[in-house]
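Asks: Protein chains in written order, with the numbering used here: chain A, 1 to 394; chain B, 395 to 788.
One or more hints might be untrue.
Claimed, not checked - With a straight-line Cα cutoff of 30 Å, these simulated DSS-like cross-link-like pairs (lysine-lysine) come out:
no.	chain 1	residue 1	chain 2	residue 2
1	B	Lys489	A	Lys95
2	A	Lys5	B	Lys441
3	A	Lys47	A	Lys30
4	B	Lys424	A	Lys5
5	B	Lys424	A	Lys30
6	B	Lys441	B	Lys424
7	B	Lys424	B	Lys399
8	A	Lys30	B	Lys489
9	A	Lys30	B	Lys441
10	A	Lys5	A	Lys30
11	B	Lys399	A	Lys47
Bear in mind the hints are in silico, worked out from the structure with no lab data behind them.
2 protein chains.
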Amino acid sequence: MVLRKEFFDLPTDMIYLDGNSLGPLPVAAKARVSDMIQNEWGGQLIKGWNASGWMAQPSRVGDAVGRLIGAPTNTVVMGDTLSIKVYQAVAAALKMRPNRRVILSDSGNFPTDLYMVEGLIRTLDQGYELRIVAPEDVAGAIDERVAAVMLTQVDYRTGRLHDMDALTAAAHNAGAVMIWDLAHSAGALPVDVARCECEMAVGCTYKYLNGGPGAPAFIYVRADIAPDIDPALAGWLGHDAPFDFDLGYRPAAGIERMRVGTPPVIQLAALEAAMEIWEAVDMSDLRSESIALQEVFIRHIETRVPQLTLVSPRDSGQRGSQVSFAFDQGYAAMQALIARGVIGDFRAPNIMRFGFTPLYIDEADVIAAVDHIEVVMGDRLWDNPTYLTRQRVT
Amino acid sequence: MVLRKEFFDLPTDMIYLDGNSLGPLPVAAKARVSDMIQNEWGGQLIKGWNASGWMAQPSRVGDAVGRLIGAPTNTVVMGDTLSIKVYQAVAAALKMRPNRRVILSDSGNFPTDLYMVEGLIRTLDQGYELRIVAPEDVAGAIDERVAAVMLTQVDYRTGRLHDMDALTAAAHNAGAVMIWDLAHSAGALPVDVARCECEMAVGCTYKYLNGGPGAPAFIYVRADIAPDIDPALAGWLGHDAPFDFDLGYRPAAGIERMRVGTPPVIQLAALEAAMEIWEAVDMSDLRSESIALQEVFIRHIETRVPQLTLVSPRDSGQRGSQVSFAFDQGYAAMQALIARGVIGDFRAPNIMRFGFTPLYIDEADVIAAVDHIEVVMGDRLWDNPTYLTRQRVT
Numbered sequence: 001m002v003l004r005k006e007f008f009d010l011p012t013d014m015i016y017l018d019g020n021s022l023g024p025l026p027v028a029a030k031a032r033v034s035d036m037i038q039n040e041w042g043g044q045l046i047k048g049w050n051a052s053g054w055m056a057q058p059s060r061v062g063d064a065v066g067r068l069i070g071a072p073t074n075t076v077v078m079g080d081t082l083s084i085k086v087y088q089a090v091a092a093a094l095k096m097r098p099n100r101r102v103i104l105s106d107s108g109n110f111p112t113d114l115y116m117v118e119g120l121i122r123t124l125d126q127g128y129e130l131r132i133v134a135p136e137d138v139a140g141a142i143d144e145r146v147a148a149v150m151l152t153q154v155d156y157r158t159g160r161l162h163d164m165d166a167l168t169a170a171a172h173n174a175g176a177v178m179i180w181d182l183a184h185s186a187g188a189l190p191v192d193v194a195r196c197e198c199e200m201a202v203g204c205t206y207k208y209l210n211g212g213p214g215a216p217a218f219i220y221v222r223a224d225i226a227p228d229i230d231p232a233l234a235g236w237l238g239h240d241a242p243f244d245f246d247l248g249y250r251p252a253a254g255i256e257r258m259r260v261g262t263p264p265v266i267q268l269a270a271l272e273a274a275m276e277i278w279e280a281v282d283m284s285d286l287r288s289e290s291i292a293l294q295e296v297f298i299r300h301i302e303t304r305v306p307q308l309t310l311v312s313p314r315d316s317g318q319r320g321s322q323v324s325f326a327f328d329q330g331y332a333a334m335q336a337l338i339a340r341g342v343i344g345d346f347r348a349p350n351i352m353r354f355g356f357t358p359l360y361i362d363e364a365d366v367i368a369a370v371d372h373i374e375v376v377m378g379d380r381l382w383d384n385p386t387y388l389t390r391q392r393v394t
Numbered sequence: 395m396v397l398r399k400e401f402f403d404l405p406t407d408m409i410y411l412d413g414n415s416l417g418p419l420p421v422a423a424k425a426r427v428s429d430m431i432q433n434e435w436g437g438q439l440i441k442g443w444n445a446s447g448w449m450a451q452p453s454r455v456g457d458a459v460g461r462l463i464g465a466p467t468n469t470v471v472m473g474d475t476l477s478i479k480v481y482q483a484v485a486a487a488l489k490m491r492p493n494r495r496v497i498l499s500d501s502g503n504f505p506t507d508l509y510m511v512e513g514l515i516r517t518l519d520q521g522y523e524l525r526i527v528a529p530e531d532v533a534g535a536i537d538e539r540v541a542a543v544m545l546t547q548v549d550y551r552t553g554r555l556h557d558m559d560a561l562t563a564a565a566h567n568a569g570a571v572m573i574w575d576l577a578h579s580a581g582a583l584p585v586d587v588a589r590c591e592c593e594m595a596v597g598c599t600y601k602y603l604n605g606g607p608g609a610p611a612f613i614y615v616r617a618d619i620a621p622d623i624d625p626a627l628a629g630w631l632g633h634d635a636p637f638d639f640d641l642g643y644r645p646a647a648g649i650e651r652m653r654v655g656t657p658p659v660i661q662l663a664a665l666e667a668a669m670e671i672w673e674a675v676d677m678s679d680l681r682s683e684s685i686a687l688q689e690v691f692i693r694h695i696e697t698r699v700p701q702l703t704l705v706s707p708r709d710s711g712q713r714g715s716q717v718s719f720a721f722d723q724g725y726a727a728m729q730a731l732i733a734r735g736v737i738g739d740f741r742a743p744n745i746m747r748f749g750f751t752p753l754y755i756d757e758a759d760v761i762a763a764v765d766h767i768e769v770v771m772g773d774r775l776w777d778n779p780t781y782l783t784r785q786r787v788t
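Chain A on its own, in the form it takes in the complex:
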């Protein structure tokens, strides 16, 4: 990819293999936020809601995200956080299958997805069960008691990739609703929610989509079911006529009913600018380049750094856009690497995770990163008390 010019230069002392956690700053995002703040907020004040299209922004940006995941126009809307969107989706699914009491997920799901379901179940207090199985056991665990299958396509630890089409078909065969979390998929690899026919999908935009820290989440609802969704989070901006200020809630016609409160206009300005980069990207090309970078990385690590054990699937078709290695002192080793400017991240208990983002990372970066990793591991630089104190990283 030759899109590096779309981003501000990464710090010269940094090799950034963490775009799967937080993407870098697009040039257009900085300019757009600056303009929005001065000329829209500062210059138009309340009139910005109409004059600058703030009110329509969650749908407009939703369509831009939708194009990357195979969603038709008017089926994706932005807002809130991924946690909130998971709650909305699962609550809606349970209403669609009132006689079933199981939500099925897997142990590779990101914890907040599971926590939000737990919170929903405790709130409902009606005998629901969150059943968590190993990723490879999901297909066999879908039975007629399952109301909803809720999975993250790419395992945040290992990078293992679920087959969306096959698992959605399995869920539907058993009469269950399928919800996909695309946090590590959108902008990382080709996704086609329409083809797989899942009912709902959710995801975040600060990773591969480069929307900035705290960028809002998205939710997709299949067009044919959207009119029947009974929103648990029935906010005024999901109302059919929010500015009538009726005392009673009446949901908007389609996907708009998944809006809740006032949208985060500044964050959306950054994200909307970041999404423009994707207009020049072919997702198949990006996927090929991502795999090429990952293969170089794995080959060099396995040749030069035998202390690390690959925990991602070896078959590139089974991986997202990240590669993870296990190492018992992985936390300290990652701290040592970060101190040398190679930014990956650590996930408990022992996983060193590296993300590959061809928009702004190339093979030279990958080989330079391996050079550092070889030094850190060969010279046991991780064996340093300053690297052993656990700090919060996201």
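Got chain A sorted already, so can you dock chain B onto it with the hints?
Replies: The following block gives chain B in isolation, referenced to the frame of chain A:
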């Protein structure tokens, strides 16, 4: 107040009486966001979570908001939207009173608060009732069936002010949980959540607090009850150890459990800068100046524009920081006023609403606004087809 220098100049052709909807742009907010985007997001990338304190920001800013509403340190946290925070608060309250089935509110509450309760009730499907009475009937309607009383202190249409101390005491006398929405109170008048002893309070920050469009909401939970709250929205950033990535949820010790997903870091940067203005503000002084501006406005309008009928309480002690007048063609009249640069807003069915914000509005602004209103009403400028088409305004 002599704090106008803290804000960018309002457009010279604008008299802004809508700071109760969206505050103007603080100089410090623009600078802070610009710096945050370039140097933190752009320069630190993922390291910003620790290096720039993004992770602690929702609590740090929460404490700043808390100082304006009488909340002790570590009892307020920022995030999400006001709609979401209402849901969290009411869901928590219902768990605290498991044998009661009524949520009491009033017809002067902002609709999204009522909608969110409706959505919660429909989701629970356990015989809960949202009882909506007239504002003056609230105290008499609190009985032993009421689990929670949930009110907005300042009526968004009329500006009518509830007595927080008295109504909280009435709720507690009946054994109900008290939740206050301070959307039109925080930064508008002195508030003391600790003195009134309410269990929870919520509010937004884009109005009087000038946090920018889509600025995050706040939630206060009384310190003694926070450890027993069972969060309905059990997000990972409310987990006791989010970076342990446990499969099971375990709430954080206190107010932190009301956090949900990843915080909106850019919006919080703007808000944090906006909150610095308040360090120089005495809320009693601000309240006095607000009332003085309102009194001038009412006196001039009633003398010079008899077509308008005051619908706000005449007693300034019973009003928030806004004044509303009824006029049957209020929508068109407000459009005509806005066309002349006087920015108030319209609330169905017939209310013309004007907000008073002494941080950046003075008596000369108020009198100039009345001059325009007199012309619009005296010359029937509202009687123009271009002003009759309803558009969305917020």
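Asks: Now tell me, hint by hint, if it's right for this structure.
Replies: The hints, checked one at a time:
1. A C-alpha spacing of about 21 Å is found between Lys489/B and Lys95/A, which places the hinted pair at or below 30 Å, so the restraint holds.
2. Taking the CA atoms of Lys5/A and Lys441/B, the gap is about 22 Å. The hint holds against a cut of 30 Å.
3. For the given pair, Lys47/A sits about 23 Å from Lys30/A by alpha-carbon distance, which is consistent with the 30 Å threshold.
4. Under the criterion of a C-alpha separation no larger than 30 Å, the hint pairing Lys424/B with Lys5/A is consistent with the structure, at around 25 Å.
5. At most 30 Å may separate the alpha-carbon atoms for a hinted pair to count; Lys424/B and Lys30/A meet this at roughly 12 Å.
6. Pair hint Lys441/B plus Lys424/B holds up; C-alpha atoms about 23 Å apart against a cutoff of 30 Å.
7. This hinted pair checks out: Lys424/B and Lys399/B have alpha carbons roughly 14 Å apart, not beyond 30 Å.
8. For the suggested pair Lys30/A and Lys489/B, the alpha carbons sit about 44 Å apart, so the restraint of at most 30 Å is broken.
9. Of the supplied pair hints, the one linking Lys30/A and Lys441/B holds, its CA atoms being roughly 19 Å apart against a limit of 30 Å.
10. Of the pairs offered as hints, the one joining Lys5/A and Lys30/A holds, with about 14 Å between alpha carbons and a cut-off of 30 Å not exceeded.
11. Between Lys399/B and Lys47/A, the direct Cα distance comes to roughly 22 Å. Compliance with the 30 Å bound is thereby established for this hinted pair.
Hint violations for this structure: number 8 only, all remaining hints satisfied.
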